[in-house]
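J.: Now for the letters of each chain:
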Amino acid sequence: AQSVTQLDSQVPVFEEAPVELRCNYSSSVSVYLFWYVQYPNQGLQLLLKYLSGSTLVKGINGFEAEFNKSQTSFHLRKPSVHISDTAEYFCAVSDRDFGNEKLTFGTGTRLTIIP
Amino acid sequence: KAGVTQTPRYLIKTRGQQVTLSCSPISGHRSVSWYQQTPGQGLQFLFEYFSETQRNKGNFPGRFSGRQFSNSRSEMNVSTLELGDSALYLCASSFRWTEPSTDTQYFGPGTRLTVL
Chain W
1 AQSVTQLDSQ
11 VPVFEEAPVE
21 LRCNYSSSVS
31 VYLFWYVQYP
41 NQGLQLLLKY
51 LSGSTLVKGI
61 NGFEAEFNKS
71 QTSFHLRKPS
81 VHISDTAEYF
91 CAVSDRDFGN
101 EKLTFGTGTR
111 LTIIP
Chain E
1 KAGVTQTPRY
11 LIKTRGQQVT
21 LSCSPISGHR
31 SVSWYQQTPG
41 QGLQFLFEYF
51 SETQRNKGNF
61 PGRFSGRQFS
71 NSRSEMNVST
81 LELGDSALYL
91 CASSFRWTEP
101 STDTQYFGPG
111 TRLTVL
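Just so you know, the protein sequences line up as chains W and E, in that order.
The working numbering puts the first residue of the first sequence at 1, with every later residue one more than the last.
The working numbering puts the first residue of the second sequence at 1, with every later residue one more than the last.
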């Protein structure tokens, strides 16, 4: 069985400061990894995903994440945040089983940008 | 290209009633997955349908069921509603991993169900 741990439930950050949202996963098989963002009263939007290859993945809105297999981590980073980044961020994992659409999500990190 | 649509957006029911939620996937997508989001349990996978067949199922009681039609639209049904069923129900569509490097699950805005 897979699991995802997001270590911080809330992260306040000043505008234009850098941010890192932490994500660790546990799985007995190789996985695909994802970060989704949820704005208030909306569904989830994919920020980025790691499937294979380069461990540094770039996504939309200036976000990037680094896959670290030895530490089973997939932390999300942005060098300079904006007010519009205020949202809840979810890390998710799916095992590398062809045809398995099930995503296992972390509990989410609420990012609050302070002007 | 139209996104995933879910209807209705908001729903209020009372305990013991049943409810049906609808999801229309992105054109061309054949897989529809359903998730329940609550403050206490977070996002949990309910089930996935592909080509009108349930392919994967999460750990929910039999009161939660679904189906998929030939046009890939999906419905989920919850019978004998309980207070704990109050949640945001999200649906996601995808091609279904035919090409993992490009396939992605796209989520709808959700249906917020309140059970009184």
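Keep in mind that a hint or two might mislead.
Stated by the list, open to error - Example chain E residues on the side facing chain W (calculated, C-beta under 8 Å, incomplete):
1. Ala2
2. Glu48
3. Thr104
By construction, these hints were calculated from the structure, which means they are not laboratory data.
Even glycine gets a Cβ: it sits at the ideal position worked out from N, Cα and C.
J.: With reference to the structure, classify each hint as holding or not holding.
T.: How the hints compare with the structure:
{"no.": "1", "hint": "Ala2", "result": "14 Å, violated"}
{"no.": "2", "hint": "Glu48", "result": "5 Å, holds"}
{"no.": "3", "hint": "Thr104", "result": "6 Å, holds"}
In this structure, only the earlier hint numbered 1 is contradicted, and the remaining ones agree with it.
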